[in-house]
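Peer 1: First to last, the sequence lines map onto chains X and S.
So in the working numbering, the last spot in the first sequence is 303, and the numbers never skip.
So in the working numbering, the last spot in the second sequence is 626, and the numbers never skip.
The hints are simulated quantities; they were obtained by calculation from the structure and are not laboratory data.
On a predicted model such as this, the values are computed, not experimentally measured, just so you know.
Careful, some of the hints might be misleading.
[Claimed, not checked] Per label pair, the in silico range of CB-to-CB distance:
no.	chain 1	residue 1	chain 2	residue 2	range
1	X	Leu6	S	Val613	18 to 24 Å
2	S	Asn479	X	Trp80	18 to 24 Å
3	S	Leu523	X	Ala136	35 to 41 Å
4	S	Ile543	X	Asp164	22 to 28 Å
5	S	Glu467	X	Leu52	27 to 33 Å
6	X	Thr247	S	Leu610	25 to 31 Å
7	S	Tyr393	X	Ala140	49 to 55 Å
8	X	Ala136	S	Glu489	44 to 50 Å
[Stated by the list, open to error] Covered by chain S, per the in silico footprint, the following chain X stretches (three or more residues, Cβ under 8 Å):
no.	stretch
9	2-11
10	74-80
11	215-225
[As the list claims (entries may be wrong)] Some chain S residues well away from chain X (every beta-carbon gap over 12 Å; in silico):
no.	residue
12	Trp407
13	Val483
14	Asp566
15	Gln567
Cβ atoms here follow ideal geometry from the backbone N, Cα and C, with glycine treated the same way.
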Amino acid sequence: MSIATLVADRRAEAQRTRAENRALTNLTIGPSPWVRAGTLIALVVLAALWLLPVVWGAVTSFKHEAEAALPASWWPSMGWTLDAYRSVLANSDLLKWMGNSLIVATLVTILTVMISAMAAFAFSQTLFKGRGLLQALTIASIMLPGQILIVPLFRQMQAMGLVDSYAGIILPQIVAPVMVFILKRFFDAIPGELLDAARIDGAGSWRLFWTIVVPLSRSILVAVAIFVFIGAWNNFLWPFIVTTDPTFMTLPVGLSTVKNAYGVQYAQNMASAIIAALPLLVVFMLFQRRIVQGVATTGMGGQ
Amino acid sequence: MTVSSTSTAPASARANASRRAPGSRTAGAARTARRKTMRERDRSGYVFVAPFAIATGLFLLWPTIYGLWMSFTNQSLTGTKSSFIGLDNYIEALGDPQVWQTLWHTVVFTLLSVIPLVIVSLGMALLVHTGLPGQWVWRMSFFAPFLLTSAVVASLSSWLFQPEIGLFDVWLSKVNLGPVGWLSDENVAMYSIVLVTVWWTVGFNFLLFLAALQGIPHTLYEAATIDGAGGWRRLFSITIPQLRNITAVIVVLQILGSLKVFDQIYLLTGGGPNGSTRPILEYIYDAGFTNYRLGYASAISYVFFALILVFTLIRLVPTRKES
Numbered sequence: 001m002s003i004a005t006l007v008a009d010r011r012a013e014a015q016r017t018r019a020e021n022r023a024l025t026n027l028t029i030g031p032s033p034w035v036r037a038g039t040l041i042a043l044v045v046l047a048a049l050w051l052l053p054v055v056w057g058a059v060t061s062f063k064h065e066a067e068a069a070l071p072a073s074w075w076p077s078m079g080w081t082l083d084a085y086r087s088v089l090a091n092s093d094l095l096k097w098m099g100n101s102l103i104v105a106t107l108v109t110i111l112t113v114m115i116s117a118m119a120a121f122a123f124s125q126t127l128f129k130g131r132g133l134l135q136a137l138t139i140a141s142i143m144l145p146g147q148i149l150i151v152p153l154f155r156q157m158q159a160m161g162l163v164d165s166y167a168g169i170i171l172p173q174i175v176a177p178v179m180v181f182i183l184k185r186f187f188d189a190i191p192g193e194l195l196d197a198a199r200i201d202g203a204g205s206w207r208l209f210w211t212i213v214v215p216l217s218r219s220i221l222v223a224v225a226i227f228v229f230i231g232a233w234n235n236f237l238w239p240f241i242v243t244t245d246p247t248f249m250t251l252p253v254g255l256s257t258v259k260n261a262y263g264v265q266y267a268q269n270m271a272s273a274i275i276a277a278l279p280l281l282v283v284f285m286l287f288q289r290r291i292v293q294g295v296a297t298t299g300m301g302g303q
Numbered sequence: 304m305t306v307s308s309t310s311t312a313p314a315s316a317r318a319n320a321s322r323r324a325p326g327s328r329t330a331g332a333a334r335t336a337r338r339k340t341m342r343e344r345d346r347s348g349y350v351f352v353a354p355f356a357i358a359t360g361l362f363l364l365w366p367t368i369y370g371l372w373m374s375f376t377n378q379s380l381t382g383t384k385s386s387f388i389g390l391d392n393y394i395e396a397l398g399d400p401q402v403w404q405t406l407w408h409t410v411v412f413t414l415l416s417v418i419p420l421v422i423v424s425l426g427m428a429l430l431v432h433t434g435l436p437g438q439w440v441w442r443m444s445f446f447a448p449f450l451l452t453s454a455v456v457a458s459l460s461s462w463l464f465q466p467e468i469g470l471f472d473v474w475l476s477k478v479n480l481g482p483v484g485w486l487s488d489e490n491v492a493m494y495s496i497v498l499v500t501v502w503w504t505v506g507f508n509f510l511l512f513l514a515a516l517q518g519i520p521h522t523l524y525e526a527a528t529i530d531g532a533g534g535w536r537r538l539f540s541i542t543i544p545q546l547r548n549i550t551a552v553i554v555v556l557q558i559l560g561s562l563k564v565f566d567q568i569y570l571l572t573g574g575g576p577n578g579s580t581r582p583i584l585e586y587i588y589d590a591g592f593t594n595y596r597l598g599y600a601s602a603i604s605y606v607f608f609a610l611i612l613v614f615t616l617i618r619l620v621p622t623r624k625e626s
């Protein structure tokens, strides 16, 4: 496809969306310009309030340290500077922690999606002895909140020698029974004829899974992956418990230890917060539609 | 192994199927019978379920059982030999004012946070669902804070709450109010934390509501418009009733989420001032990892688990009704 048609496609889609939105406006709040203006103002005010903390943090991060601590001003008299970013990047392990977070979140996502999709396939498309029992156990384990397990899990990690290791951070996070059921529900809807036809053609379960089920379920797999990744990237409690060595700390954990080290250096504090916030925000801006959809479909926990 | 051996199954499965589905049956029934047979022959399920089953057993079920055992011992983090002490930990926990206090803080936080987290998110979703221009901006502004990790949230908000020089105190001083001890006043700190939490996590509920709103058939609105129903009428007679089920689910999910509060409190106030915001999860952490009393911490975990279980079981009720 040429770039020209791609652009035309995009434009046509944007036009369609605009038309849909206009229709929606008429259906929900009607044609009155006053009501529309009022709604728009409410949206602007709310959005401004919601962006305020991040914008204020960003403004502070570009100030000279000497000025950052002076009572709030939106336009610094000493001018803008990247000093805070420079010293944070030079003097802290921020980038290392970010790398750790990337490794941990990526592996958690891959492993979780893999084992959950395989289990969902087994529950949905195969019959084996004990399937009912395993399924019941899985449902029951949805009710176990991981937070209450920090004490025994830490003890277990000590015994397995996994404290202060990637495996120790990652493995307890890959168990997501809810995701199994979200995926199972999706796999259940795959037409049986399709799978039967492949079986008759001599495809084993492994091929069935990779060549039919996975390609057909790409959207839900991406949705689950997005959801798991955000959760793993931002997870604080477990990595905080299981790491004491700064070389293995993830971004949230490392960042929480830095707060005191800087003391009252507000510009630097804000600079590291902004750096830490950036990756997911950028990813969100690039894939907004996908992420919104992914969170909306998996967020209800399959309800 | 199992994977390759199943590739020989279809031929015999077909034979089975034709035996089970005589010509008198309908094609549909034959198909079902054949499918069932194929699945029965398929033992590869074990292979597919194994990784998940092993991981669940190892990192969820075993710690649950092990934790329960620990709660009946006086095990310590310092590694001295532990012994079985029966229900002593539980008896101590039920008489421990700190348990009740932190449990109470958790409940207060839950009550204070659930209501705005549901109402504000619903309001946001209704506003965005009007389809007014700027959809991308609204979604991003409301949901973006959810993508921040708790440590970033703590940095940004404690900077806003900073005494005297923080943005909030500066604004208040302009109207001759304050300064407020946002995080240092026992009577205020919990509200500050709720404020931060609403800002941080409301975007998640917002997306759930928005998705639900998009699922309402347009024909309902069209019919109402033809019948002459105004905007408010449509909101209260169509939109809100259509959201009843999802609202119930969101409320329960939010209660469960709020009960597990830890990150933002630990990072913003450390449970202070004077222990006035400390939630039960932080007490479990303190008992286990600060005071080294792993057995006792496990016992409190199970008391807390009992509380969560009650709400989890409530959550199952609407699901059953729907199906």
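Peer 1: Of the numbered hints stated previously, which ones are contradicted by the structure, given in increasing order?
Peer 2: Hint check: 1, 2, 4, 5, 6, 7, 9, 10, 11, 14 and 15 fail, others pass.
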